[in-house]
Each structure stands twice: as C-alpha cells, then as structure tokens.
Amino acid sequence: MTMENHKHCIRALIVALAMIVLAAGAHGQSLPRLQLETLDGETVRIYDYLEDGPIMINFWSLSCAPCRREMKHLDEFARTYADSGFQVISINIDTPKSMSRVRARVRSNAYAFPVFSDPRNQIFRKLGGRRMPYSIFVTADGSIDSRHIGYSPGDEKSYRRTIESMLNEPE
Amino acid sequence: MIRYILLAVFLVISIVNAQPSFTVNNLVKYAEGDRYLLRENVLDVNMFYENWTFYTQIEAGNPPEFGQSGYGIHTIRLDYQSDQLSAELGDVYPLWNHGLSLNLRYERSLGYDSGIRGFNTRINLAEAFRVFAVAGRGDFRLSSPLHNDVRTHDWETTNTVAGTGIQIRPGSAVGRFGLSGLYVRSERPYFRLDENFEPETNYYTVNTQLYEGAWENTLLGWKFAANHVIQVANPQDPWFPARSGTQTDTVDRSLGQATYATVSGLIGGVGVTLEYKNYAYDIRSPAVRNDTHRDWPTRMTSVSRPPIVYRETSATLTSRQTHVVNYNDEIGLQLELTYTDLLGISVMANYALSSRHRHYRLERGTYHVADTRTLFPSPEDAFAPFRQAHLELDRYFLSGNLYLEQALNHLYAVEEYSSQISYTDDNAIKRTINITNGRRAFTSLTKVDYTFTNGNSVSLAHENQWLDRITDIGRSVDTLGVSHAWRDLGSTNIRQAYNRYITFSFRHHEGITMSLIYDYASETEQGEEFNTEPGNDNPIESALREFGVDLRNKWIGIQLTLDFLRNHQITVFYGSEQGGLQCVSGVCRQVAPFEDGFKLTIQSFY
Chain H
1 MTMENHKHCI
11 RALIVALAMI
21 VLAAGAHGQS
31 LPRLQLETLD
41 GETVRIYDYL
51 EDGPIMINFW
61 SLSCAPCRRE
71 MKHLDEFART
81 YADSGFQVIS
91 INIDTPKSMS
101 RVRARVRSNA
111 YAFPVFSDPR
121 NQIFRKLGGR
131 RMPYSIFVTA
141 DGSIDSRHIG
151 YSPGDEKSYR
161 RTIESMLNEP
171 E
Chain P
1001 MIRYILLAVF
1011 LVISIVNAQP
1021 SFTVNNLVKY
1031 AEGDRYLLRE
1041 NVLDVNMFYE
1051 NWTFYTQIEA
1061 GNPPEFGQSG
1071 YGIHTIRLDY
1081 QSDQLSAELG
1091 DVYPLWNHGL
1101 SLNLRYERSL
1111 GYDSGIRGFN
1121 TRINLAEAFR
1131 VFAVAGRGDF
1141 RLSSPLHNDV
1151 RTHDWETTNT
1161 VAGTGIQIRP
1171 GSAVGRFGLS
1181 GLYVRSERPY
1191 FRLDENFEPE
1201 TNYYTVNTQL
1211 YEGAWENTLL
1221 GWKFAANHVI
1231 QVANPQDPWF
1241 PARSGTQTDT
1251 VDRSLGQATY
1261 ATVSGLIGGV
1271 GVTLEYKNYA
1281 YDIRSPAVRN
1291 DTHRDWPTRM
1301 TSVSRPPIVY
1311 RETSATLTSR
1321 QTHVVNYNDE
1331 IGLQLELTYT
1341 DLLGISVMAN
1351 YALSSRHRHY
1361 RLERGTYHVA
1371 DTRTLFPSPE
1381 DAFAPFRQAH
1391 LELDRYFLSG
1401 NLYLEQALNH
1411 LYAVEEYSSQ
1421 ISYTDDNAIK
1431 RTINITNGRR
1441 AFTSLTKVDY
1451 TFTNGNSVSL
1461 AHENQWLDRI
1471 TDIGRSVDTL
1481 GVSHAWRDLG
1491 STNIRQAYNR
1501 YITFSFRHHE
1511 GITMSLIYDY
1521 ASETEQGEEF
1531 NTEPGNDNPI
1541 ESALREFGVD
1551 LRNKWIGIQL
1561 TLDFLRNHQI
1571 TVFYGSEQGG
1581 LQCVSGVCRQ
1591 VAPFEDGFKL
1601 TIQSFY
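Top line first, the protein sequences correspond to chains H and P.
If you read the first sequence in the numbering used here, its first letter stands for residue 1, the second for the next number, and so on.
If you read the second sequence in the numbering used here, its first letter stands for residue 1001, the second for the next number, and so on.
It is possible that part of the hints are untrue.
Stated by the list, open to error - To give an idea of the chain P side of the interface with chain H (calculated C-beta under 8 Å), a few residues:
# : residue
1 : 1044
2 : 1093
3 : 1271
4 : 1272
5 : 1507
6 : 1513
7 : 1567
Note that these hints are calculated values from the structure, not bench results.
Using N, Cα and C, we set each Cβ at its ideal position, and we do this for glycine too.
Excised from the complex, chain H in its bound form (with noise of 0.2 Å):
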C-alpha cells in the first residue's frame, strides 16, 4: 500500500468513525419523513401511514423472482391484520423504463396494499437498502423495529411473528 493510499485510508476510518458515533448518539433507529409517490405520480407522507399502526416497508423490482413470492404473502398479511391498523407499504424501484409492466402487474394481482414508486432507488437507499427484497418493519411510533434483506421460504413466518409483536406493543 503506498503512502496516499495510507492517508487515504486514515481519512475514510476517520470519517466512517465519526458517522457511526454520530449515529450512534442520534435518537434511535426511527422513519425519516419521507415522501412516497404513487404509481400514477401523486405524492404521499410515509408517516401518514404509522397514524393508524405499524407498518411493514417492502421493497421489490420485476426482475426480483423472491420479490414476487414475498408479495404473495404481504397481500395476506396485508388483507388479515387490516383491521388492527397493521398496513403493507410496497416500494418498486424499477425505473420508469418498466413502469408500464409494474402498473399491469399490479392491476392484475389486485393487491390489498398500496404500491409506490421509487425510480431513482432514492428511499431505497436512503432506509439502507443493497439488494431485494428488502423490508422494514416500522412501529405505531416511528421506530424502526427490525430489517431483513432477501427472502427463503419460511421467513413469512418470522414476519408474521414481528408483525404480532409490533401489534401487542403497549402504545
């Protein structure tokens, strides 16, 4: 490694430091306020969703084989824990090259949870994301609960666990 690659190196564990430490003080794991935009370009608060419970961030692509499999199972969780104020945020990341494939697609499943738009991976990557799926479960009060990255078959039961846990947290 030569000398630049020295100070180059110092500077990046430096810099890596000091976010992880500002991080680490910053107040918690909480939702940033962002805003979501639908299929058909109208803009929508994320945290208007956490008015009624906790939420469950689901990101997906078309060409993502597991994503589509995943969402089978959201639409479950989506239509079952309606009425405790449980609710599904889907977030396609495909860009507007396959946006006309994305609305036919979720025209013809008829999903029970609202899906959004984030062509420019913009939240995606703002909330952590590498590769898909990705999903976030947020709680009633904004805090981020648990991650998880990728789906095998069974982890709809571990959702479905965090799911319930997040519902019988005391307000």
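Starting from the known structure of chain H, arrange chain P on it as the hints suggest.
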C-alpha cells in the same frame, strides 16, 4: 474538495442541533481464490433533519470487486425535499422521463456509476407546471474482463452536463407534456503512436445536444406514454483519431434520434403491457461499429440510457446468454401478459423482438446498405435480430406450504451479421456470410419449495439449457438471401452445448440458510476446459472425486447465510463460480470466474 466541505458543514449542523435521525449500514466483502483477491468495505450513512437529508458513502477497496482501488468518500449528497421543491447538491443521479436523454445510475453490484458531481433540482411552480434543471461533471469508466465478447465493450469518458426542462399538465383529458434540452461535453481518451512510434494518450471532445419531448396520459384505465429525443453530436476535432496506429478518419456532425412508447392496462383481469423502441442515436456500418480499437465519437452518450424493451429473467443460465441492447441502432417490441388466477396458477408470458435498422453488404471494400427497416424490427438474420419468448407458471399447494414454479425460455440472437461479395482471381463472384456471435438457447427452470410448520424450509431450483452457438464464421454461400443461419449454414459451423445449474437450500427458522450450488457447462464460453486436473482440486472437489465424480467443467460451491441480532447478516461461500454475463436494468458486464476460494460478506445496519 466539495465533498469534504459538504461533509464538514453537515457534521457541524448535526452536532449543534443534535436532533437528526440516522440510518447507517455497512457492507464488508472479502474474497480469496485462485488468482482472485477482493477486499472491500462500503459504509452508507444517511442523516435526516426535517426536510433535509445528508447522504455519504465511504469506500475502502484494495482491490474492490469492480473498478479501481480507492479509499475515501465515493458519494456525498445533500438534498432537500418538499412539496414545492426538490434540490440535490453533490453526487447526483437524475432521471428524466424514460431516460432517453438523461438517466444516470449507480449499480455498485456491477461497478457501474455514471453519476455527476453538481446539482439537480425540480420546482413545482403550480399544480400543473413543473421546472427541472441539472448541471455537473463526472467521470464514467466501464471495463470488462472479457474483451472478445461483442456484447460488451469498454467505455471511458468525462462528461460535463447542463440541462433544463418543463412539465405541464393542461388538463386531465390531454395528460402531461414535457420538453427538455440537455448539453453534454464529453472528453474521451484515445491512444496513438507518436512520431517515434511510442504510444501516447490524448483526448478528443464531443459536444452533444439532446432535445426531448414527452407525453403521458391515462384514458379509460389504460396508461399511455411516449418519448422522442433528437441527438446532435458535434465532434470538436475535425478528425477522429484511431486508438492505435496513425490512421485518422473525418467525422461530421451527426444527427440521431430515439423513440419509446408504451401502453398498459387490463383486459378481463389480464395485465397487458406493450412497449416499442426505435433507437437510432448513431447508426453506423460494420466497418465502424466492429472496430475494437476505437470508439465512435457520435454514438449515444453515457448519460443516456433508455428502456431495454425485453425481459431480464431471474434464471442464471438465461441471463448469461441474453442480449445486450444496442442503443445506437435498435428497433423492437415487447408484449407481456400477466394473469394471477388460472385455476390457481399465476401466469406470465412475455415476447420480445428487436433488430438493427439496416442490413449491410460489403462489396469492393465498401459497405453498402442492402435493406432497411424504419418502423418495425425484422426477424431475419441479416438484421442481427434478438427474439425471446418467456413463460412462467407458479402455484401454491398444501395450504401455501408447497410452491411449484416452472419457467420456459427460448432466445435467439445474432449480434453481428454481414454479407460480402468479392471476386476471385478469375473474376468469378464469391458470396460470403459473416456472423459474429450468434446464439439460440432453450432454458427450463423448475423450482420446488416446501415450508414445514416450524418455519424450516427446503428449496430446489433446477435449470437446464440447450445452447447452439455460432462464433466468428465466414462461409461461402450460393445466394445471399440467407434468412436463418442455423438452417442454411449447416451444422459444421454450430457448436452445441448443454448447461445445468442447480441450487439446493435448507433454511432453519432461526435464520440460518445452507445452500449447495452446482454449475455445469458441457463447453465453456471461451472454449477452455475447467477443472480437468485433480492436482488443483479444493477439498470439496477432492471429496467428490473420491466418489468417482467427473469434475470437468463443473463449478461447485457451498454457501452459509446467517441472520443475527435482527440487523446483521453474514454470508460465507466456499468453492468455485463460473461467472459470465450479468445484467441489471440493462447495465451488463462480464463477471470473471472465481476458482477454489471463499467469499465473506457481512451486511450490518446500525
């Protein structure tokens, strides 16, 4: 310097206010194999304060998975979002409409980063009137380890970008209209020999203007959208230098254009999507587009990236053979149908066809246009077509515990085709067909999953592929009216191959997943055989060879994934991977093979 100023400003604000919320995640990658070393750490930090977000990505890679070694801040951005204003300062990735003129992307998983450092803003002046603008400068580099694959090529440029546009919505009946203009100044390196025949690097500049019109509307439940862009490219130098040698060509101002249109809706519960593309940013003859020693200056810039208009499948074997869109010269259609409840079965069917605009014929050293398509693609080999039919069926059984999926895919691609008329010494006509990289493949993918009542599960995915390949042939024929290479050129020019890819996984309900991955190719893409010598075996291969398993052209790996403490995930892989073509949203690159080693990935959220 702007990166560190932005960072310092936000750190001070954060400390003074002590109110922002954060998301922090870190990715560690380490891999060591035969002639392979990867050491990479990527830290993403987001700080949120009211309508402001500060984002930075700090990387340390020596070497990283893709690209050059680097330490420090890779990305830094400050953005403000409100109902009226969206503004970003720093490393920005704007996207206008469907990306025909401007679509900057960052795909770290493929080492692709076309971003610029500058600003990007959108102002909603009224409910039906929006203004947007962008300006900045950025380096773009893309290199592939396989230089002999005509589907990918190296790209290096520095872009200075400035542009603005408006969107208006006069009424819901007529939809939304957009107009924009973009200026791109590209500086690209070229390599030539000086007067002492020593290699030297110089730069040439191309000034490009892109004018785009866009429209979208919803009528009777159907969504319509259309985009058209005109590209005016002016090479600043009156001549275009060769990348090697002393040869020069003159390049005039180039006028290109591109169109994209789509319609989607429902017919009786069937989701229907029809897409159309007609990309003619810079149509050139094979003499130019096949020159591997130099890049043509007036082609589509790296800031544009329109829709690909074919389906990228999730099957590993299909993605290795897929088509890479030729943005400069391609015309095509795609139809996709989805239906979710055909006797409980979800059905997805997709068909795509694309081709070049022109068929060229080489005669007396010059390429002549033999035939032209202006509106619709041609399936004839002479137009270098790509066509793909894809069908997916899936269904749950046993109260949702058993899942079955069957996918079938057929693709046919000719990447480069030309016909040639030459004359023998006795002045007799000789007709030749030249095809570079033609492929046809049929792939079957079967998935079976079963979930037990305690949450444990087993999964099996089995892909089979039958592949015919034509590479670099020049064959004499009686007539140049060849429309189907596999039928008319004879079997002697065809290399047949069979590929198989199997993954078997067991997932424990506490978050532990163990996978076995088996990859077999009867013939590799490069023609070289893999794993022929027992002396180079890793312990897994040695154990298998003890049981008499033939390991020639087999890549075998074991992967363990562990989720722990709710926000962390560790993945360990041991074995070999074949590599090959990988694509994400039309961004494609060749991934190098990985032999006899282990990979470690740790993903953490804080």
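Status of the hints after comparison with the structure:
no.	hint	in the structure
1	1044	holds, 6 Å
2	1093	holds, 6 Å
3	1271	holds, 3 Å
4	1272	holds, 6 Å
5	1507	holds, 4 Å
6	1513	holds, 6 Å
7	1567	holds, 6 Å
Comparing the model with each earlier hint shows no violations; every hint is respected.
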